[in-house]
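J.: Residue-level listing of the chains:
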Amino acid sequence: MEVNLVAEGLKFMMLGMGIVFLFLTLMIFSMNVMSKIIHRYFPEPQAAESGKSAPAAADKLKKVAAIAAAIHHHNTK
Amino acid sequence: MRTLFIKLLLALSLFGAVSASASDAHGAHEAPAVEQKAYESQSIGHLLANFAKSTGVYAILFPNPDEMSALGKPMSDFHKGWGRVIMILVAFVLFYLAIAKGFEPLLLLPIGFGGLLSNIPVADIAGPHGFLGVIYQAGLANELFPIIIFMGVGAMTDFGPLLSNPKTALLGGAAQFGIFGTLVGAVALSQYTDLFDFTLQQASAISIIGGADGPTSIYIATKLAPELLGAIAVASYSYMALVPIIQPPIMKALTNAKERKIKMTTLRHVSRMEKLIFPIMVLVLAILVLPDSTPLIGAFAFGNFLKESGVVERLSDTLQNALINIVTIFLGLGVGSKLAADQFLVADTLAILALGLVAFSVGTAAGVIMAKIMNLFPGTKINPLIGSAGVSAVPMAARVSNKVGMEYDRNNMLLMHAMGPNVAGVIGSAVAAGVMISIFA
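Chains A and B, in that order, give the protein sequences.
Using our numbering, you'd call the opening residue of the first sequence number 1 and step up by one each time.
Using our numbering, you'd call the opening residue of the second sequence number 78 and step up by one each time.
Because the hints were derived from the structure by calculation, they are not lab data.
Be a bit skeptical, because a hint or two may be false.
Cross-link-like lysine-lysine pairs, in silico, DSS-like; alpha carbons within 27 angstroms at most [claimed, not checked]: (1) A:Lys36 / B:Lys352; (2) B:Lys340 / B:Lys329; (3) B:Lys352 / B:Lys244; (4) B:Lys300 / A:Lys36; (5) B:Lys352 / A:Lys11.
These figures come from a predicted structure and were not determined experimentally.
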């Protein structure tokens, strides 16, 4: 019996691409769920991150204020 | 203290006596080795004539009619004689590409040298008792070496960019269309034309080149079509080396200037815990959906888990350096043993090189088109240039995305964004390989 190779190939394609996308979609879904869970129950690294960046931002604001004051002082002199 | 010493001495002497008697018994049973042929006196003329017949020149000019190929099959006189000379020249072309052009030298040099050695007449280095044949049997015939390479690749991979923007994984899936599209094309050409005649297994093994994943290609080829291994491996690694030449024209043809300038938002921070759980999560999914893919994904997850655990620096370092280097040498030489003239100098090789190029190009195009399709939906836009990184040549494909992006906007850094689809492409091609294994199992 002759097997129609092209028909078989098309079936492989549908199965293969279907499984690849099914797998990756499940993976994306699981990644999102995982990161939500981790951010809710194990938030330490995130807190450390914001803790680091907050003083830097505050420093910057202080600098901007100082410069603005200096310019203002200079202009009004 | 003294009694302990005496006891120890006694135990040692007992052990010695036992082992001595054991070796005696062993020696007594040992039969004499292969009987040596008695040497007969020969005239100097006779000796010279015999020596002349054992030279390489003689073997190439007057092929031995009894000589069999490494697979134990009869060979044509062409393959025994001039075919070998041609293959040795092919090996030199591979050296040139690796050394002068810098194409995947880590693999093309061992493969080329293996090809050179396997085409030497008389010595039969690629045969079952030659050292290349032994290497092939030890790690390629049973698919061991590609698996170990996958562990090393896992230990080198950072899933941070993918975890911070998960939906780019779909681009890595789309690029696998190169594999299945080419499969259909190859069987259609086999069925409706007389150009070549591939079985479904052979067509599958060839089309996996489209995944742009060297170890996976070798893994599938040894499983489904070991007779095509040499050509498939050479095609696969050549095209991976040619990523910077093959991909940009396709990427530019499928996008317009506005799309190429799309800026992508900065990636969020990914916690260590996420990176640590990710390999386990992928493995669990593979177990649930497609256990046939777990040899590849399991090895990959193992390597990545060791790296992200952060407590086995030495093991992770060995996987990333010493082990992967050792196995790369053996993998290259073992693949080279399949470059024997009788297996490589056949019309099919040209077809494999052509189909591999098609597979690779279709995969690149599918990734770009998938990004454009995703941009039709609401949500943050994706720069379609990162779609081409869905083929799993890590990190070369991502670098190409970055380079093409910079040509149009010097401030548009796409490298990290392209790493997401790139590593998803590795997983995607392992899944595609698993589907093929499950079909033919």
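J.: Confirm or reject each hint.
T.: Status of each hint after checking the structure:
1. A:Lys36 / B:Lys352: Given that 27 angstroms is the threshold and the Cα spacing comes to 14 angstroms, the pair holds.
2. B:Lys340 / B:Lys329: holds (17 angstroms)
3. B:Lys352 / B:Lys244: holds (16 angstroms)
4. B:Lys300 / A:Lys36: violated (40 angstroms)
5. B:Lys352 / A:Lys11: violated (36 angstroms)
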